[in-house]
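**Q** Reassemble the complex: the two chains are provided individually, in unrelated frames, and hints are given to aid placement.
Chains A and B supply the protein sequences, listed in that same order.
For the record, in the first sequence the residue sitting at position 206 is 206 according to UniProt numbering, with numbers rising by one throughout.
For the record, in the second sequence the residue sitting at position 75 is 75 according to UniProt numbering, with numbers rising by one throughout.
To be clear, the hints were calculated from the coordinates, so they are not data collected in a lab.
Since the model is a prediction, treat every value here as computed from it, not as a measurement.
For glycine and all other residues, C-beta sits at the position ideal for the given N, C-alpha and C.
Where hints are given, some of them may not hold.
Once the Cα atoms are required to be at most 30 Å apart in a straight line, the calculated DSS-like pairs of lysine-lysine come out as [as the list claims (entries may be wrong)]:
| hint | chain 1 | residue 1 | chain 2 | residue 2 |
| --- | --- | --- | --- | --- |
| 1 | A | K107 | B | K217 |
| 2 | B | K42 | A | K3 |
| 3 | B | K15 | A | K265 |
| 4 | B | K181 | B | K15 |
| 5 | B | K217 | A | K3 |
| 6 | A | K265 | B | K42 |
To be clear about the criterion: a stretch of chain A counts as covered by chain B if any three or more of its residues have a C-beta under 8 Å from a C-beta of chain B, and this derived list gives those stretches [claimed, not checked]:
| hint | segment |
| --- | --- |
| 7 | 28-38 |
| 8 | 50-64 |
| 9 | 101-112 |
| 10 | 254-261 |
| 11 | 282-294 |
| 12 | 328-336 |
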Amino acid sequence: MSKQRAAVVGIGQTHHRAKRDDLSIAGVCREAIDRALLDANMTFDDIDAIVVGKAPDLFEGVMMPELYMAEALGAVGKPLLRVHTAGSVGGSTAIVAASLVQAGVHKRVLTVAFEKQSESNAMWALSVPVPFIMPVHAGAGGYFAPHVRAYIRRSGAPTHIGAMVAAKDRQNALKNPYAHLHNEGTTVETVLASQMLWDPIRYDETCPSSDGACALVIADEDTAKAYSNPAWIHATAMRSEPTTASGRDQVNPLAGQAAAAALWKQAGITSPIDEIDCAEIYVPFSWFEPMWMENLGFADQGTGWKLTEAGETAIGGRIPVNMSGGVLSSNPIGASGMLRFAEAAMQVRGMAGEHQVDGARKALGHAYGGGSQFFATWVVGAEVPA
Amino acid sequence: MRDVAVVGFAQRQMKEFEGSPTCVELLVPIFAELFEQTGWTKSDIGFWCSGSSDYLAGRAFSFVSAVDAIGAFPPVAESHVEMDAAWALYEAWLKIQTGEVDTALVYGFGKSSAGVLRRTLALQLDPYTMTPLWPDTVSIAALQARLGLEGGHWTEKDLAAVAQRSLADAADNPYAIRSGKEGVDELLARPLYADPLHKHDCSPVTDGAAAIIIAAKDHLPTTAERPAWISGFAHSVDQADLGSRDLSGSPSARRAAISANVGGAPIDVAELHAPFSHQELILRKELGLDDSVSINPSGGALTANPMFSAGLIRIGEAAKQIWSGDAQRTLGHATSGPALQQNLVCVMEANR
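Next up, chain B with everything else stripped away, as it sits in the complex (with noise of 0.2 Å):
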């Protein structure tokens, strides 16, 4: 394998933002701060490649405009897959193992305020049994939070503790759309959304775009003075079918923490994309992370969660941890698909 590191991170996370729906505007700048950070061009990146929706965006073919925002002319070797940046940062992590480039840049985004996040990622079901019913997100995760209270995996307060540490860590996070100070007990004084989920237990429905750059040893930018090295990375998912598997875990996610060797050595932080409270506690206990490890110092995805980027941020959310010396060896995760059904772990380090 070639020693790969995360050197650029740029990111927007925003409740709603007005303008160009194609999201070529919110893209540039976003690209320009990549550059500004490693001091490259677009002609130093060897490869290209992002991760959206059609169906977030409304109509067919939404990547293709992004596309401008490169500026690609002359051509560029580029890709597209249509999920979550994270999963496109794997793709172009695999293209630089294959040794046909070197570098390469990879960016998510959506705007899911253009309509109905909820009943959007409904289409997402078994379009012949499951969609015609619109079992939404959020329903279909609180029956996942009930079944993990009756089940006495967790309780209320324990979903109100990671909305409290969420929102308060948030306060920090200048492109965090939600924080509060509230303690526990306040915030389970608030009136359910849907049982047993408050409305602070779920991710707000956010806007956003975001984008990394990773380099092969021997390429770094000079900028790179404690580059973030990639020593695991694996992906993998479990069936959609809600009524066949056990919706208080996740084994999708246990077995990429295995593949990705997280628990090789000790965590110092992990960014979780759990965009509902119990999914953290679910997540914790699959990627094996004890209570050592500092959870979402961001706020996470409870307090800014755009679609198909929010994975993507949690990996360079995680990268900063080490680029800061805070930390030597962090995670940054992925999900997608209804109720934790697919999952990616990152696994950075300090030391190469």
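The shape of chain A in the complex, shown without the other chains (with noise of 0.2 Å):
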């Protein structure tokens, strides 16, 4: 028994801001949705299936908003499925639309993910005290700031790594109308001179709060073929490990590991810097690019801060990351990590606009979430997969 074959023929995200109070919850996610329907030339009637994700309820303060929206979504009279895996759920969202298809059951699959953050406070939402548990009382920024340290002296990188990849990062958005911040004239220095927040972290080097959406269609392969420009799903991996756990590596822990070797494996992928054109991955913290290149094997252990520094993953360079502006840029926390999913699309299709790599055919999406233990990731392709 093998999986059927599916490929993403609609994209479409939100104009992603600090507040869009111009819509609702249910708004955002129909601006991007109807985008999607479009690229796809479909509308609700061609929808076999719904999948929604998002963040925690806490961050719009409303308990599993996907009902209140089935209307909205296009889900009265069909499947709904609600899907989340912390910062990780917008690229899992998109793994379970696929195993839809890939498994045979549906064949247009609608996909959502979107965070409303302006609604509530995510700061807050995230710092209820769990007994019996350490406390964490400072944010994300908190949490990662160690593993950032940890990450420096383990690899002896230079402290301006981090600042380069902001300032790549914030320049890629520039050539993003979609991306929450456009500051112009971004540079390694005006990083380095912005607050320090949470040692080595500085402020122009942590991500924005959004509120934002991004949409799929997810199609059969009969029904992808109709299309010019599919984006063919080559693999998915998803893999999970406990917060805390003796002898654990947050710096490079094994589920981002295992999720890359199952990822490689499965799209016969031996050398992922030579065979993968461009990559969106997850960076909410300018320091986790060079750990997520090794991570994920495009560099060894040490090493990933390198390419950056040669500027290897600015556009043009040998293995370009994030070139919608990233997380770095947007961060509607449960859409960010379908946005990097849908990133990676549309650069095989080509549709990348001012931030399309030249000749991209096979590029990653990859999120992680939670204390760096949620995996999620896809390779696709402008080619049907062998």
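**A** Quick look at the structure:
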């Protein structure tokens, strides 16, 4: 029994902003959905099932919002699934939607992931103390800063690498009309001059809080073949590990390595840096670019920063990373993972506009969540997978 | 489609549980029970999937610490739905259908006693127009029951008969938190709780967890002498807006039943996730179950309703009926959302 082929044939996203006070929660989803359906040249009537993803419900203050939104999402009369796997959820949601098609159960699936952070306060939503577990009352930055510090110590990376990533991603975002931050004139120097928040993470090395959504239409092989440029799904992989475990390496987590190994094997890739044309990876704090380059197998341990320093992760480099501006430039949390998956698909469809990588034929989408413990990844390609 | 069967089931349902609200402590013995049933270990499981709710826990990422119960080091392939774990079972079943994995362990958990459940669930309504009015679950169910009474769909006696049968059947279920021997007249003589519903017409607030193992043909545990083969599996949703749907019916339940081919052959036993007496009557009609079908021999949700695992428990109870040889074809059902908005049906059979 083998997997049915599936491809992305429609992509839509919102204009991401700190506050979309012109739209309700359902309205944010619809802005992305309507664009995805338009791109796929479909209506809700063509859709067999809906898969929704978002980060914790406390971010908007609505319990299982897909229930109230069922009609707005075009789900009435159809199967509706709601995925939640922390920060990796946008990626996991796309993977679950793909599996509906790959299982041979449905032919055309609409998936949407969103976050409307302005409806509530994510910092507080993340700071409810959990009994019997060590408290981290400093938001995500406070949790991840020690991992960054450990990475710098272990790899011997020069301290300006994080600023290089931030400057690159913010420059890339200027080419993306949907990006939340359009900060003209961001350079390594301006990033290094920004306020230190959680040493060694500076203000300009962090992601914004955004309202936004992303939607995809995923179709079966027969449907996809009618399109001129479907993004074929070559491989998907998800892996999880506990938040804390004796011997767990939070700088280079085993779950991320295992997801990457499974992904490359499934996609028939033996040398990721040579065979992948560009990658959208989940980098909410700039230093996660070199860390994930190692975790994903694009670079040997301790050398990821060298790719960044040599400019190889810029558009035009050996392995362009976060052409859209990445999570550093737009972070509607629940949608952030799907935006990475969507950008990978846009690239191989040749539809990425000013941030298009010339000749991109195979791309990686990546997301992570929790305490660097949940990983979701996919490889999409311009060619039908073998 | 690959042939997939339910081969393991464990549960805990209780009035309230002391100790860790992370539910980790509750899941560990449940997983141990499943491994004992199947003779398997963690490494025999290809995919893990869970269902739970952050709002029930009152904090973000409540499922994250539940992963600790797996002992997921080295890492596992894993996912989570913010839904009843019956839908997590659906995701796991899909995963096996893709051919990527051959086995899966699915679990759900929730500690309803930590808050005021009927008020928490009001947060599922439209946040801009409905939630500010705080219509709670029991009141919405009472409106639904009233509509059915006035529309001639059922009588107060019909509701009491459902409760009476459920309470009597629950006497044999060690996990039920409510049971009783009262007759219909005695139940009707009790005080009203939310007119026209009595307390026995409303499921009790219940803590608990449950887990199921499914496996593809050729990958069954040697202990599975009479596996419960999944022959139909489907779900569907209706709009949430209470004013724009006929609350005395449940079109999504009907559609799920058609997609799962419930009517393709006789059903011996149906475990329905009906948290209110009248909802069982709606479901029986929408799923096309006649009087020959044995309904909820476990006592059903009226006698224990642990949120986010109660639907999965219905599937487990229905599978047990096949394992024991008492039934040939059974049905497990799960619901979610206000007034039966979303429904799932899983049909299982002894023969493959």
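**Q** So, for every hint listed, does it hold in this structure?
**A** The hints, checked one at a time:
A distance of roughly 25 Å separates the Cα atoms of K107/A and K217/B; the hinted pair therefore holds under the 30 Å criterion. This hinted pair checks out: K42/B and K3/A have alpha carbons roughly 25 Å apart, not beyond 30 Å. This hinted pair does not check out: K15/B and K265/A have alpha carbons roughly 48 Å apart, beyond 30 Å. Between K181/B and K15/B the alpha-carbon distance is near 20 Å, which keeps this suggested pair within the 30 Å criterion.
Restraint check for K217/B and K3/A: satisfied, since their Cα atoms lie roughly 17 Å apart, inside the 30 Å limit. Our distance criterion of 30 Å between C-alpha atoms is met by K265/A and K42/B, whose separation comes to about 23 Å. Given as covered by chain B, the segment 28-38 of chain A fails the check, having 0 residues with a CB less than 8 Å from a CB of that chain where 3 are the minimum. For the segment 50-64 of chain A, the stated coverage by chain B holds: 10 residues have a C-beta nearer than 8 Å to a C-beta of that chain, and at least 3 were required.
Counting residues of the segment 101-112 of chain A whose C-beta sits closer than 8 Å to any C-beta of chain B gives 4, which meets the bar of three, so the coverage hint holds. Only residues whose beta carbon comes within less than 8 Å of a beta carbon in chain B count, and the segment 254-261 of chain A has 4; three or more means the coverage holds. Interface restraint, the segment 282-294 of chain A with chain B: violated (0 residues with C-beta to C-beta distance below 8 Å; minimum three). As drawn, the segment 328-336 of chain A meets chain B at 0 residues by the rule of a beta-carbon pair under 8 Å; below three, the given contact is violated.
Hint violations for this structure: numbers 3, 7, 11, 12, all remaining hints satisfied.
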